[in-house]
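There are 4 protein chains.
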Amino acid sequence: MKTPIPDYLEHVLDEVRDIDEGEVEEGLPHIDVKDPTELAAAVCTVTGNVYTAGDAEVTFTMQSISKAFVYALALQELGRKKVFETVGTEASGEPFNELSLGRETNRPMNPMINAGAIAVNQLINGEDSSVEDRVEIIRAFLSELAGRELKVNEDILDSELEDSDRNLAIAHMLASHGVIHDDPRQAVISYQRQCSVEITVIDLAVMSATLANGGVQPVTGKKVLDADACRLALAMMGTAGMYDGSGRWMSTVGIPAKSGVSGGLLGTLPGELGLATLSPRLNPQGNSVRGVAIFERFSEEMGLHLMASDPIGTHAVRGIETEGEETTVQLQGSIHFAAAERALDKLSDYDFDCECIVLDVSRVSGFEKVGRVLVKEGLRRLRDDGFEIAIYDPKEKFGDLEFSDGTRAEVVGEG
Amino acid sequence: MKTPIPDYLEHVLDEVRDIDEGEVEEGLPHIDVKDPTELAAAVCTVTGNVYTAGDAEVTFTMQSISKAFVYALALQELGRKKVFETVGTEASGEPFNELSLGRETNRPMNPMINAGAIAVNQLINGEDSSVEDRVEIIRAFLSELAGRELKVNEDILDSELEDSDRNLAIAHMLASHGVIHDDPRQAVISYQRQCSVEITVIDLAVMSATLANGGVQPVTGKKVLDADACRLALAMMGTAGMYDGSGRWMSTVGIPAKSGVSGGLLGTLPGELGLATLSPRLNPQGNSVRGVAIFERFSEEMGLHLMASDPIGTHAVRGIETEGEETTVQLQGSIHFAAAERALDKLSDYDFDCECIVLDVSRVSGFEKVGRVLVKEGLRRLRDDGFEIAIYDPKEKFGDLEFSDGTRAEVVGEG
Amino acid sequence: MKTPIPDYLEHVLDEVRDIDEGEVEEGLPHIDVKDPTELAAAVCTVTGNVYTAGDAEVTFTMQSISKAFVYALALQELGRKKVFETVGTEASGEPFNELSLGRETNRPMNPMINAGAIAVNQLINGEDSSVEDRVEIIRAFLSELAGRELKVNEDILDSELEDSDRNLAIAHMLASHGVIHDDPRQAVISYQRQCSVEITVIDLAVMSATLANGGVQPVTGKKVLDADACRLALAMMGTAGMYDGSGRWMSTVGIPAKSGVSGGLLGTLPGELGLATLSPRLNPQGNSVRGVAIFERFSEEMGLHLMASDPIGTHAVRGIETEGEETTVQLQGSIHFAAAERALDKLSDYDFDCECIVLDVSRVSGFEKVGRVLVKEGLRRLRDDGFEIAIYDPKEKFGDLEFSDGTRAEVVGEG
Amino acid sequence: MKTPIPDYLEHVLDEVRDIDEGEVEEGLPHIDVKDPTELAAAVCTVTGNVYTAGDAEVTFTMQSISKAFVYALALQELGRKKVFETVGTEASGEPFNELSLGRETNRPMNPMINAGAIAVNQLINGEDSSVEDRVEIIRAFLSELAGRELKVNEDILDSELEDSDRNLAIAHMLASHGVIHDDPRQAVISYQRQCSVEITVIDLAVMSATLANGGVQPVTGKKVLDADACRLALAMMGTAGMYDGSGRWMSTVGIPAKSGVSGGLLGTLPGELGLATLSPRLNPQGNSVRGVAIFERFSEEMGLHLMASDPIGTHAVRGIETEGEETTVQLQGSIHFAAAERALDKLSDYDFDCECIVLDVSRVSGFEKVGRVLVKEGLRRLRDDGFEIAIYDPKEKFGDLEFSDGTRAEVVGEG
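Which chain is which? The protein sequence lines are A, B, C and D, in order. Counted from 1, the first sequence has number 233 at position 233 by the UniProt record's numbering; the numbering is strictly sequential. Counted from 1, the second sequence has number 215 at position 215 by the UniProt record's numbering; the numbering is strictly sequential. Counted from 1, the third sequence has number 175 at position 175 by the UniProt record's numbering; the numbering is strictly sequential. Counted from 1, the fourth sequence has number 329 at position 329 by the UniProt record's numbering; the numbering is strictly sequential.
I should point out that these hints are in silico values taken from the structure, not numbers from a laboratory. It cannot be assumed that every hint is accurate.
The list cannot tell twin chains apart, which means a pair is met if one copy fits it or any two copies do.
[Claimed, not checked] Here are the simulated lysine-lysine pairs, DSSO-like style, with alpha carbons at most 30 Å apart:
{"id": "1", "residue 1": "Lys-223", "residue 2": "Lys-369"}
{"id": "2", "residue 1": "Lys-397", "residue 2": "Lys-346"}
{"id": "3", "residue 1": "Lys-346", "residue 2": "Lys-222"}
{"id": "4", "residue 1": "Lys-369", "residue 2": "Lys-222"}
{"id": "5", "residue 1": "Lys-222", "residue 2": "Lys-395"}
Note that this is a predicted model, so its numbers are computed, not measured.
Work out the full structure, taking the sequences as your base and the hints as a guide.
So this is what it looks like as structure tokens:
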């Protein structure tokens, strides 16, 4: 059985593909957007499974998405006390204060706005570090997260400080308040190079899954970050990752996230998975229009919401037992996206030695929409692989039994 | 075996009991605080287990804690569209704006500040509702959440609008902007009666667990709220539940929470449990000093953090098998508080028919501090119940094997 | 000779009469506007001359215009120290703060916004005063300024607190911060009665001229206020009298002013005169549209600007000398409106005993536009009274010598 | 007779000389303060009389004081429409917004804060101007105002952008909003050179008197500015010249003013005079401590307040008549500082041909404190010059007749 999850992702991309609202960020030489129609999505689970759809191999620069990871690096390197002294942890609320410095502290409100991110960048490798050394440390760290060597976009380097007035204003103000100590122009160059690291949505999903996984890169298995640094970075994504609308985002989408001006959007569900999308056209708040639409679908259809009551059953498949020619697969718990993904992952690898597969859902507490779709699709594919399929569903939790090709699953009276 | 969890809670209370900082809110006739030394904590799991310590039977008025629940009720009654039109979803950030009305919308920033809570209260039962009818609906709803009939503190009613200048100011301003339509004085009375519903920490923990459980009251099993209303209420607790320090709270404690001026503090971990504490002395931000200290310990020692990477294994006990006189209990997954709680809950009910109990932790991915302490204490109590105890721990994840009475568990080479 | 000044005022009214932009404040029962087309202007000099045009006898309620005078009364009664402790002296800047309370002081920013005016009203007659006694003291004081018994509009009293939500919000907030001590509802009633005192533009002009005259009512000659109270009230009109646009107003119009929602507008030039207009339609800032247009003309055409370099020559008429049948009137200094007014006032009373009047302008430093118009018109009227007229103008400062009826003045070579 | 006015100024300096509060601005290389004890004052009347006391020849850099004059130059060069499009005219109110950009306009709130001054500087000579050309135009203009060639402090130039982080932050932010178009670093250099023009208090007093005199430099008689540019510059000094305390300053001191960080303080009374002081120690708001103290004395003792009801009588000396050996000097109007100054100026030049001088004060409406002191001192000096002195004061307005040396004036019954 081939897992139907990439097909689901492709389906979501198809649903949003024709949305042509929003504007590509232009005129900033350090932003590279090649094609406004690019569209991609990737998911990486904490178990290391990666699913992709669309232009998943297209590279783009991280931009503001880098803020979340470099904040985690600073926490890892310096500890929370030092980092909290430099940058706050509160939402900046209404954008009444362009610099977003705390009124009394003169400290950036949080690390997700530019003032905070420039200050955090300066923490890496110490304030006496050269820009080259600091950027190399950041690049190497981001590469560990991605599980491959990332590089800094050199075209973008050429423009360096062109059109960087807003960042220069912020950096000079930070210097005037003693928040940063290096030359403000060097600080902006250092920060903008961090933003110029090139990634794909696959990289982003894996990096995000590393945060979701307590700092263990789920593909390489390497411990890249402490769990505490991951928690604090995720908390800031939840508090301030989506600019002025972070509260609404956490209410309606419920996935700690960070967006970048080149069109990337990254989300993380702790203990579950990382999501990433690419679509360059931005809404007025600077978030990718189609990226937001994809996340809304993920949240609603996949049941992915930080405040949802259903923790991932680590064992959606309660057991697989074979008696004669019949193998019974017993599911349990709440079957949302992540649960279905684990079940399908297990089933796609399983070496069935039988004629008939019975899916026993008598212990399932409920199905989220996508969970049901994916499980049904998995059954259909198992049937296409030559197995006879039946469902044991005494409480009628499974609902509609029609497959995507119009055929139906057989219902059995006893698992 | 009697579960050791209440003893752990009592232990945490002992650790904070001598903290005497903070001030009891005084001079407000509608706040009733009988004794500043009162101290209580309660935990309710989504499976309906309740654990308590301290003055858990003491009643106090809900005050601001009611905001989270009445917001959920409004969402349930009117749907998110109508509620979002009335009150925003963003953190109010720095308290630069005493009324916390959005600059352009003139709408309260969120339902966790008084302006928002007064507006939300007015949504219940329609704007033409009498105060009596509206308060009765709210009281009945809160009673369903608590699983018992709650009542409104009548002593407090007597004072009604005394010293309510700030709320009256807010209500009149809301009326001037058309956010509320009833007489502002009636609106304040209506809101303040909502605040005067009397509860215990046990009630609060159960009510909180209902939010954690997608709206199903875990003790009565009754569906009180839609999952969506629960998610949105929890999201607002995460965004704005702890006033100006909500961002810091979500970073360091990581438990969506709501505090009240009478000393109560409520926290919720979606899909896991509800926590509640009582201690009347408040810090300058208006949060209970010892309540905050207890939550910090819960977060750190119990591994309870919304952004933690460890989802609750719904099945910490992978299996219990008896062969002859030996029963093997196999644990799995990450053993934090909630996992240990479920394991101990299962073991305390289990009818062991053997001489020797072997705990097999070979499949445990890790222990949080409190998880280990609780499991060890459970083993010790099983030994005190007369069983022989052994541990199978080939990867040495269990660490120190010394029990609280100085004795040690036996280690076996094979489960 | 009859002074041409009323004709000039009538001319200005004609210029603005057809402007029909703006909206009458409606829906507030305590605002009485009878007819949106009402239009009136009045000027009173510090020498007690009153000139009027339009509906100068129409009464209307003072509304916010009362703020300036009651502030002066509070300064007079309590001294600046006590008043400054209660209410600030700074412009409120951008309307970011609806209550306009100082961020740290919780004191109203200035006495020209409602929060400040309500607090100042409470200072009169002490905080234990009944509303009746306080309002009677204010009414009596305003009557002294006007030089006649004013009364409180009783129709408006009937509605009292209807639609007063904004003021009630402010009063409750002031009470919550201890800025006022009386019941907030009584405070609003007290303030709104102050606003309901009925006046005409003539009253306003005279009251304004009293401020301009250091507290001496220029018609009755009675000392009503100390000079210091007048200076401080005028300073606040200059700083904050025209709401958010006060700075722009002081730049372009340059007349300390105060507007009211019933359409009145009051201006004062210290040491010179008081101006008042009535026209009920308001611009979005709440200032009378045609009132503002009249003041702009006054400022530009009459040379009335606080920052203008020309102080009023108290003696525009340097001397009047009669030799035989010829009487020479010698003017001096800068002839702007106020100077021309004084000269014409003198000439209209003068008992000329001659055949020919020669106007000697050889010592005039310059003419403002209206100054020249008025002086020419005065000459024309003297000619109509039967005198022969000639001008001695060796430096050609007078310019065009054509009268309004197309005739011309004779020019002589020697005064 | 030698005028006693310099002695009065010296007396005021003596009163404040021992105040040693405040701190000299240090650490900014482009501020030059040689000696914190320097103390100087100068007055220049619109008639061109200059009076000085203290270290009146000491040069210092203009710093923020230059803002007022360059704003006037921009208005003169470009007209109010263009200038108002670039920079606002409102007080910035509470310093909640470090950049003081208007919330919606992104335009500096006013030209008296650094953001506004940098933007105004860029208007001079067009945006394509070289820094050298622009600074030369400004230097030449300021020289015309001072009546002598001023120069730019070259020591200060050497440090250029050192410690200019705050100005650089502002300039980059202005560039990011399109308010300025030149390179932000060049803009800061251009502005800081404007601030580095060296002046004395004498220069400042004369420059200020030029604004007071409608743009005619009172010593050279040259027309340097239009009256409109002067009025608008003075209006902004009144609205925002003294930073956050501008409203309080206009209430209590009442003199449109501008202070600089090198210790200078400049005030202007339109139509009357210019004042300037130097004392380097600053209060926390950045205003010269002793400078403020001197201005408070000027305002109170000299009766100099923009909102005062007494315009300057241009003819305090109504007439001088000699009959035989007796010359009668008749004063009239209100005798405040400026009136006394003009009377004494006239008397000190007058060629008395008599034995006895009678001062007739029967037509004086009142004496301000300093007016009386100065007139008495003038009489004493005339007596020392050998004349017999008598006073005709039927209404006893002159009060105490004792001279500073303990002798008394004779009182006569008939002038």
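At most 30 Å between C-alpha atoms: does Lys-346 with Lys-222 qualify within a copy, between copies, both, or neither? Close inside one copy (23 Å), not across copies (35 Å); limit 30 Å.
At most 30 Å between CA atoms: does that hold for Lys-369 and Lys-222 within a copy, between copies, both, or neither? between (34 Å within a copy, 23 Å between copies)
Classify it for me, Lys-223 with Lys-369: is the Cα-Cα distance of at most 30 Å met within a copy, between copies, both or neither? Only across copies: Lys-223 and Lys-369 sit 20 Å apart there, 34 Å inside one copy, limit 30 Å.
Tell me, please, which holds for Lys-222 and Lys-395 at an alpha-carbon limit of 30 Å: within, between, both or neither? Classified as between; 18 Å across copies, 43 Å inside a copy.
When no copy is specified for Lys-397 and Lys-346, does a C-alpha distance of 30 Å or less occur within a copy, between copies, both, or neither? both (22 Å within a copy, 26 Å between copies)
Checked against the numbered hints above, the structure breaks none of them.
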